[in-house]
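> Line by line, the protein sequences are chains A and B.
In case it helps, the numbering used here puts the first sequence at residues 1 to 493.
In case it helps, the numbering used here puts the second sequence at residues 1 to 493.
Read the hints as simulated data drawn from the structure, not as lab findings.
One or more of the hints may lead you astray.
Any copy will do: because identical chains look the same in the list, a pair fits if it lies in one copy or spans two.
As the list claims (entries may be wrong) - Calculated pairs, DSS-like style, for lysine-lysine (alpha carbon to alpha carbon, straight line, at most 25 Å):
(1) K10 x K237
(2) K90 x K60
(3) K116 x K90
(4) K10 x K412
(5) K339 x K265
(6) K86 x K101
(7) K90 x K101
(8) K481 x K116
(9) K453 x K358
(10) K116 x K101
(11) K299 x K50
(12) K25 x K60
(13) K60 x K351
(14) K299 x K60
(15) K60 x K50
(16) K90 x K107
(17) K339 x K358
(18) K107 x K136
(19) K10 x K351
(20) K339 x K60
(21) K262 x K459
There are 2 protein chains.
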Amino acid sequence: MAKELKGLTKRSENYSQWYNELVVKADLAEQSAVRGCMVIKPYGYAIWEKIQRQLDDMFKATGHVNAYFPLLIPKSFLSREAEHVKGFAKECAVVTHYRLKSSEDGKSVIVDPAAKLEEELIIRPTSETIIWSTYKNWIHSYRDLPILCNQWANVFRWEMRTRLFLRTAEFLWQEGHTAHATREEAETEAVKMLNLYADFAENFMAVPVVKGVKSETERFAGALETYTIEAMMQDGKALQSGTSHFLGQNFAKAFDVQFLDKNNKLDYVWATSWGVSTRLMGALIMTHSDDNGLVLPPKLAPIQVVIIPIYKNEEQLHTIDDKAEAIATNLRKMGLSVKYDNSDNRRPGFKFADYELKGVPVRLVIGARDLENGTIEVLRRDTLEKESVSIEGIEDRVKALLDDIQNNMFVKAKTYRDERTINVDTYDEFKEKIEEGGFLMAHWDGTPETEAKIKEETKATIRCIPLDGDTTPGVDMITGKPSARRVMFARAY
Amino acid sequence: MAKELKGLTKRSENYSQWYNELVVKADLAEQSAVRGCMVIKPYGYAIWEKIQRQLDDMFKATGHVNAYFPLLIPKSFLSREAEHVKGFAKECAVVTHYRLKSSEDGKSVIVDPAAKLEEELIIRPTSETIIWSTYKNWIHSYRDLPILCNQWANVFRWEMRTRLFLRTAEFLWQEGHTAHATREEAETEAVKMLNLYADFAENFMAVPVVKGVKSETERFAGALETYTIEAMMQDGKALQSGTSHFLGQNFAKAFDVQFLDKNNKLDYVWATSWGVSTRLMGALIMTHSDDNGLVLPPKLAPIQVVIIPIYKNEEQLHTIDDKAEAIATNLRKMGLSVKYDNSDNRRPGFKFADYELKGVPVRLVIGARDLENGTIEVLRRDTLEKESVSIEGIEDRVKALLDDIQNNMFVKAKTYRDERTINVDTYDEFKEKIEEGGFLMAHWDGTPETEAKIKEETKATIRCIPLDGDTTPGVDMITGKPSARRVMFARAY
Numbered sequence: 001m002a003k004e005l006k007g008l009t010k011r012s013e014n015y016s017q018w019y020n021e022l023v024v025k026a027d028l029a030e031q032s033a034v035r036g037c038m039v040i041k042p043y044g045y046a047i048w049e050k051i052q053r054q055l056d057d058m059f060k061a062t063g064h065v066n067a068y069f070p071l072l073i074p075k076s077f078l079s080r081e082a083e084h085v086k087g088f089a090k091e092c093a094v095v096t097h098y099r100l101k102s103s104e105d106g107k108s109v110i111v112d113p114a115a116k117l118e119e120e121l122i123i124r125p126t127s128e129t130i131i132w133s134t135y136k137n138w139i140h141s142y143r144d145l146p147i148l149c150n151q152w153a154n155v156f157r158w159e160m161r162t163r164l165f166l167r168t169a170e171f172l173w174q175e176g177h178t179a180h181a182t183r184e185e186a187e188t189e190a191v192k193m194l195n196l197y198a199d200f201a202e203n204f205m206a207v208p209v210v211k212g213v214k215s216e217t218e219r220f221a222g223a224l225e226t227y228t229i230e231a232m233m234q235d236g237k238a239l240q241s242g243t244s245h246f247l248g249q250n251f252a253k254a255f256d257v258q259f260l261d262k263n264n265k266l267d268y269v270w271a272t273s274w275g276v277s278t279r280l281m282g283a284l285i286m287t288h289s290d291d292n293g294l295v296l297p298p299k300l301a302p303i304q305v306v307i308i309p310i311y312k313n314e315e316q317l318h319t320i321d322d323k324a325e326a327i328a329t330n331l332r333k334m335g336l337s338v339k340y341d342n343s344d345n346r347r348p349g350f351k352f353a354d355y356e357l358k359g360v361p362v363r364l365v366i367g368a369r370d371l372e373n374g375t376i377e378v379l380r381r382d383t384l385e386k387e388s389v390s391i392e393g394i395e396d397r398v399k400a401l402l403d404d405i406q407n408n409m410f411v412k413a414k415t416y417r418d419e420r421t422i423n424v425d426t427y428d429e430f431k432e433k434i435e436e437g438g439f440l441m442a443h444w445d446g447t448p449e450t451e452a453k454i455k456e457e458t459k460a461t462i463r464c465i466p467l468d469g470d471t472t473p474g475v476d477m478i479t480g481k482p483s484a485r486r487v488m489f490a491r492a493y
Numbered sequence: 001m002a003k004e005l006k007g008l009t010k011r012s013e014n015y016s017q018w019y020n021e022l023v024v025k026a027d028l029a030e031q032s033a034v035r036g037c038m039v040i041k042p043y044g045y046a047i048w049e050k051i052q053r054q055l056d057d058m059f060k061a062t063g064h065v066n067a068y069f070p071l072l073i074p075k076s077f078l079s080r081e082a083e084h085v086k087g088f089a090k091e092c093a094v095v096t097h098y099r100l101k102s103s104e105d106g107k108s109v110i111v112d113p114a115a116k117l118e119e120e121l122i123i124r125p126t127s128e129t130i131i132w133s134t135y136k137n138w139i140h141s142y143r144d145l146p147i148l149c150n151q152w153a154n155v156f157r158w159e160m161r162t163r164l165f166l167r168t169a170e171f172l173w174q175e176g177h178t179a180h181a182t183r184e185e186a187e188t189e190a191v192k193m194l195n196l197y198a199d200f201a202e203n204f205m206a207v208p209v210v211k212g213v214k215s216e217t218e219r220f221a222g223a224l225e226t227y228t229i230e231a232m233m234q235d236g237k238a239l240q241s242g243t244s245h246f247l248g249q250n251f252a253k254a255f256d257v258q259f260l261d262k263n264n265k266l267d268y269v270w271a272t273s274w275g276v277s278t279r280l281m282g283a284l285i286m287t288h289s290d291d292n293g294l295v296l297p298p299k300l301a302p303i304q305v306v307i308i309p310i311y312k313n314e315e316q317l318h319t320i321d322d323k324a325e326a327i328a329t330n331l332r333k334m335g336l337s338v339k340y341d342n343s344d345n346r347r348p349g350f351k352f353a354d355y356e357l358k359g360v361p362v363r364l365v366i367g368a369r370d371l372e373n374g375t376i377e378v379l380r381r382d383t384l385e386k387e388s389v390s391i392e393g394i395e396d397r398v399k400a401l402l403d404d405i406q407n408n409m410f411v412k413a414k415t416y417r418d419e420r421t422i423n424v425d426t427y428d429e430f431k432e433k434i435e436e437g438g439f440l441m442a443h444w445d446g447t448p449e450t451e452a453k454i455k456e457e458t459k460a461t462i463r464c465i466p467l468d469g470d471t472t473p474g475v476d477m478i479t480g481k482p483s484a485r486r487v488m489f490a491r492a493y
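Chain A on its own, in the form it takes in the complex (with noise of 0.2 Å):
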């Protein structure tokens, strides 16, 4: 199996080659010929639709609309709002010419000077003011709201440093933007989705999360408060997992945004705007996958179960096909997703090796001894346990195994997290602590100065204040000022 496998790095060698090589290797994404723009390759894609699909659904059953806005976004848009120009400016993608000419040698194209936009136009980084831009002429009366549209599209940021799925410039997402006519319902909005991230998160990637708000530094660019759902990656560092925003009246003061309400009344509209993006890619990766490949869990997986044939001659291999097709198709009745493999091309070993690589759940294998005693092999990924089990009724057996893991994967996953979160209590041991990774829950005085301090000596951030958990009130560990409750740091990707 080494040999399929060569080149993977070990997780305990150095976790950030083992996820760069892995997402490559299992034909995930791969960069491209455009500077922090990746390619997601066919298999990858497979599972963005699997995620994309369960949350479409689960948006809708919320009372969620799909629409679809502009991908340009006049540049003086992004200067209405005061917070959110400082935080989108930096690293856009500017259009500035709507038409190339040929050279004067006619071997090349060059940009048509002629072509030069009165105003420039920016790639959306993200949507707010291209929405409440269109917003505006939606909404008049509180008879028109609420508001509760999302969007599935691409955005763009000039990041620097970028790495498959973690941060690319490029990305697919999906980002909700609702409208209230009251503070309340907004709130009860931005947190509504919070929560549907957060189940999301933990039933169907098997990931755990910590649900809670983030500090004045980290909050979204123009938001009141940013919600978040932090998960723990297998080397102790912190993935930002999903935001839900509460955006109070700033995008709506910014585009004059004014409905009347019940009483004739002129107000401002509440917004919320909330997303998750193909970074949960990199979740996903990073929580589950081991040394032989990705894991991944069945409600999400691709292929569910892999059925793969061993056999010495053809007559065998028609014997075993009538068995391995027969045990598909009922498979497929029970709405499982099923791939039987008796190509010719590559050998068992070189197969097992690949399907582990890809992180399908569960394999079955059937030889021809296997058919003489009414056996088949069944191995489960998540733990690489085989055990050979009568053919009969394995579709049950099957299907039982496959909630098994997804089970078994969330907690193990849980299990992880929880051991590597701790309380710390003085500044010396936080600092001792963060070298090992985990979430430090920690007492903090609630002011940017300390939480500046702390990152700049540490590179730890607070991740959120949780919205559950511990709510005895301390000291922060340097200043020693009052903290109304532990905070939780980590360094993040």
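Once you have looked at the hints, place chain B on chain A.
Just chain B now, kept in the frame of chain A:
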């Protein structure tokens, strides 16, 4: 009803204006703050999602997989394929900078001149170049072939005159890009996708199409052959609704993509590309809709059945609610999408007009007297025929009615088109008939010169050389030179 539809121009008065108004009034799309870019509103997007889902299922059923390639393309890529650059360089959005900064007065943002790109990037007008630069790394031997990738994406072409859905600067589409070991296999693929598009247009959109190949003049920039499906709108103009290109080895040569064939000989890879876009929305609207609004084929309608109660008091409403919700539940169990609209802020007459405007295929109305009599009023949107039927067995009746509407819409559109498809033998007759619209089948000598003359003098273009139909030879209506068969002329969108 006239009141609620206030201002929808009649088709007979001004077809073009009728279309523009309908798209906006039916909440399908609207202009955005960015020139030529549209906002696709939730109701319009819901139809597009139905189109997407169905096409995606059909692509996957024919062995295709989805992937995602970068939005931006290095400028130099465009000029690699000589014909391709001529077709696309003139209408593209050019990214030249990657950062903004505050203006000196601090009141706005300006492009940071220090952040100029070494090589400009183009927002993809189509993705052949970036995809073939990627395929170069994926393809080494015949064992790597075929590659059957599709991508759902936004693309951008700087159009001067735009119309919602029909021609917009940014639009949404899918683009398939396949790579093959032999010419025959690629040609077969191009025709297969043409047939898939025709199948979708006719059996889901209820839009009859003519399948054919484009003349050299109308061919995709970089293709050896462009296949097309052409539909006729209610004003007799043609709408190109989908194209499938046999690209030969042009892009493989431009990006140096070679493979070792079974005989261990190096050869360039054969290619196809094929796409349909949000333009299909325009075809859907213009083929079927009437002066009351949209008429949607049941298979693509976001709401297939609407139920509206008519009541004088709360007690009546409660009784009707029970009955209506039972019917809605039964219909949903049959897989139909049903809306029960018992909202009390709109009168029934307003609701009737609104759902007609939105093109909901079947409307059920229940009043108090209906409940007494055990009847229900059924209206079919395509013919606006109304009848009172027994409430008993209404579910099966609705199901059958939806099938009938789907079928009737296709037959009606096909009859309309066939009546307006005529043979024309002289240029005088051609010039007279083209003013009435319709498809004119005429003999052509096969030269670009004659084609250009006809286009200049009549605004008619060769929509396609049909794959089926009359193949009797004749003589060109202008030059008298031999013609292999009649080709199809029309004015087009």
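> A separate judgement is required for each hint: does it hold in the structure or not?
Outcome of the hint check:
1. Proximity of K10 to K237 under the C-alpha cut-off of 25 Å is restricted to the intra-copy arrangement: shortest distance 17 Å within a copy versus 63 Å between copies.
2. Neither within a single protomer nor between protomers do K90 and K60 lie at most 25 Å apart by alpha-carbon distance, with minima of 34 Å and 41 Å respectively.
3. Taking the closest pair of Cα atoms, K116 and K90 come within 25 Å of each other both inside a single copy (22 Å) and across two copies (13 Å).
4. Taking CA atoms no more than 25 Å apart as the test, K10 paired with K412 passes inside one copy only; the shortest distance there is 19 Å, against 65 Å between copies.
5. Proximity of K339 and K265 under a CA criterion of 25 Å is satisfied in neither setting, with 62 Å inside one chain copy and 32 Å between copies.
6. Taking the shortest Cα distances, K86 and K101 sit within 25 Å of each other only across copies (9 Å), while inside one copy they are farther apart (35 Å).
7. Taking the closest pair of Cα atoms, K90 and K101 come within 25 Å of each other only across two copies (7 Å); inside a single copy the shortest separation is 29 Å, beyond that limit.
8. Taking the shortest alpha-carbon separations for K481 and K116, neither the intra-copy value of 56 Å nor the inter-copy value of 47 Å comes in at or below 25 Å.
9. With identical chains, the CA atoms of K453 and K358 are never at most 25 Å apart, being 42 Å at best within one copy and 59 Å at best between copies.
10. Taking CA atoms no more than 25 Å apart as the test, K116 paired with K101 passes in both settings, with 13 Å inside one copy and 19 Å between copies.
11. In this assembly of identical chains, the alpha carbons of K299 and K50 lie at most 25 Å apart whether taken from the same copy (8 Å) or from different copies (24 Å).
12. In this homomeric assembly, K25 and K60 come within 25 Å of each other (Cα to Cα) only across copies, at 24 Å, whereas the closest approach inside a single copy is 35 Å.
13. With identical chains, the CA atoms of K60 and K351 are at most 25 Å apart between copies only, with a shortest distance of 23 Å across copies and 39 Å within one.
14. With identical chains, the CA atoms of K299 and K60 are at most 25 Å apart both within one copy (19 Å) and between copies (20 Å).
15. In the homo-oligomer, the alpha carbons of K60 and K50 lie at most 25 Å apart both inside one protomer (15 Å) and across protomers (14 Å), since each shortest distance falls under that limit.
16. In the homo-oligomer, the alpha carbons of K90 and K107 lie at most 25 Å apart only across protomers (16 Å), although the nearest pairing inside one protomer, at 35 Å, exceeds that limit.
17. Taking the closest pair of Cα atoms, K339 and K358 come within 25 Å of each other only inside a single copy of the chain (13 Å); across copies the shortest separation is 43 Å, beyond that limit.
18. Within a single copy, K107 and K136 get their C-alpha atoms only as close as 48 Å, which misses the 25 Å cut-off; across copies the closest is 23 Å, which meets it.
19. For the identical chains of this complex, K10 and K351 are intra-copy neighbours only, at 21 Å inside a copy versus 64 Å across copies, given an alpha-carbon limit of 25 Å.
20. In this assembly of identical chains, K339 and K60 lie within 25 Å of each other by CA distance solely across copies; the values are 15 Å between and 31 Å within a copy.
21. Taking the closest pair of Cα atoms, K262 and K459 never come within 25 Å of each other, the shortest separation being 50 Å inside a single copy and 55 Å across copies.
Checked against the numbered hints above, the structure violates hints 2, 5, 8, 9 and 21; every other hint is satisfied.
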